[in-house]
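Chemist: Sequence:
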Amino acid sequence: MALDLEQFHEAFFEEAFEALDTMESALLKLNIGNPEPELVNTIFRVAHSIKGGSATFGFTEVASFTHTLETLLDELRGGRMQVTRGLSDLLLKSVDVMREMLRAVQHKTPVDSQRVADLQFDLELAILQK
Numbered sequence: 004m005a006l007d008l009e010q011f012h013e014a015f016f017e018e019a020f021e022a023l024d025t026m027e028s029a030l031l032k033l034n035i036g037n038p039e040p041e042l043v044n045t046i047f048r049v050a051h052s053i054k055g056g057s058a059t060f061g062f063t064e065v066a067s068f069t070h071t072l073e074t075l076l077d078e079l080r081g082g083r084m085q086v087t088r089g090l091s092d093l094l095l096k097s098v099d100v101m102r103e104m105l106r107a108v109q110h111k112t113p114v115d116s117q118r119v120a121d122l123q124f125d126l127e128l129a130i131l132q133k
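If you count by the working numbering, then the sequence shown holds residues 4 to 133, one letter each, in order.
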């Protein structure tokens, strides 16, 4: 007998939206150049949790985007990248895009795939350029 994971979707979405609020709040407190490690860890944990939940429920577009974001955040956590104004803006845009993606999945409406792809490309480029 297969477990119907759809019964857990609403709890996932509720927790994910609350976590994104936490992530956004932490991002707004980040100091350019030298952010507090605990803030970066908080932001990373949110991305990691949303990625894992999205993958579990089969929300592959959300999981893919969030995986890229998580990779960038891991570079920040490891001190291999610095927080710049441009990077801070990308991270804040990522919160907006993740909200949009989660709402689209929640309401079974189309995701703006081009907006997601463009931002994911920018995140990947930032990782490569460090």
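Rather than coming from a laboratory, the hints here were simulated on the basis of the structure.
Remember, predicted model here, so these are calculated numbers, not experimental data.
Please note that the accuracy of each hint is not assured.
What the hints assert, rightly or not - Within a straight-line C-alpha distance of at most 16 Å, the following computed EDC-like cross-link-like pairs (lysine to aspartate or glutamate) qualify:
#1 LYS111 / GLU39
#2 LYS111 / ASP77
#3 LYS96 / ASP125
#4 LYS96 / GLU13
#5 LYS111 / GLU64
To be verified - Simulated restraints, written as ranges between beta carbons of each label pair:
#6 ILE35 / ASP121: 32 to 40 Å
#7 HIS12 / THR87: 34 to 42 Å
#8 GLU17 / GLY82: 30 to 38 Å
#9 ARG80 / HIS12: 26 to 34 Å
Where is the CB? At the ideal position from N, CA and C, for every residue including glycine.
Chemist: For each hint, tell me whether it holds in the structure or not.
Modeler: Structure-based check of all given hints:
1. LYS111 / GLU39: Answer violated: LYS111 to GLU39 is near 38 Å, above 16 Å.
2. LYS111 / ASP77: Measuring from Cα to Cα gives roughly 31 Å; hence the hint is violated.
3. LYS96 / ASP125: Within the cut-off at roughly 11 Å; holds.
4. LYS96 / GLU13: Violated, at about 24 Å.
5. LYS111 / GLU64: holds, 13 Å
6. ILE35 / ASP121: 32 to 40 Å: violated, 24 Å
7. HIS12 / THR87: 34 to 42 Å: This hint holds: roughly 36 Å between Cβ atoms.
8. GLU17 / GLY82: 30 to 38 Å: holds, 34 Å
9. ARG80 / HIS12: 26 to 34 Å: holds, 30 Å
Comparing the model with each earlier hint shows violations of hints 1, 2, 4 and 6; every other hint is respected.
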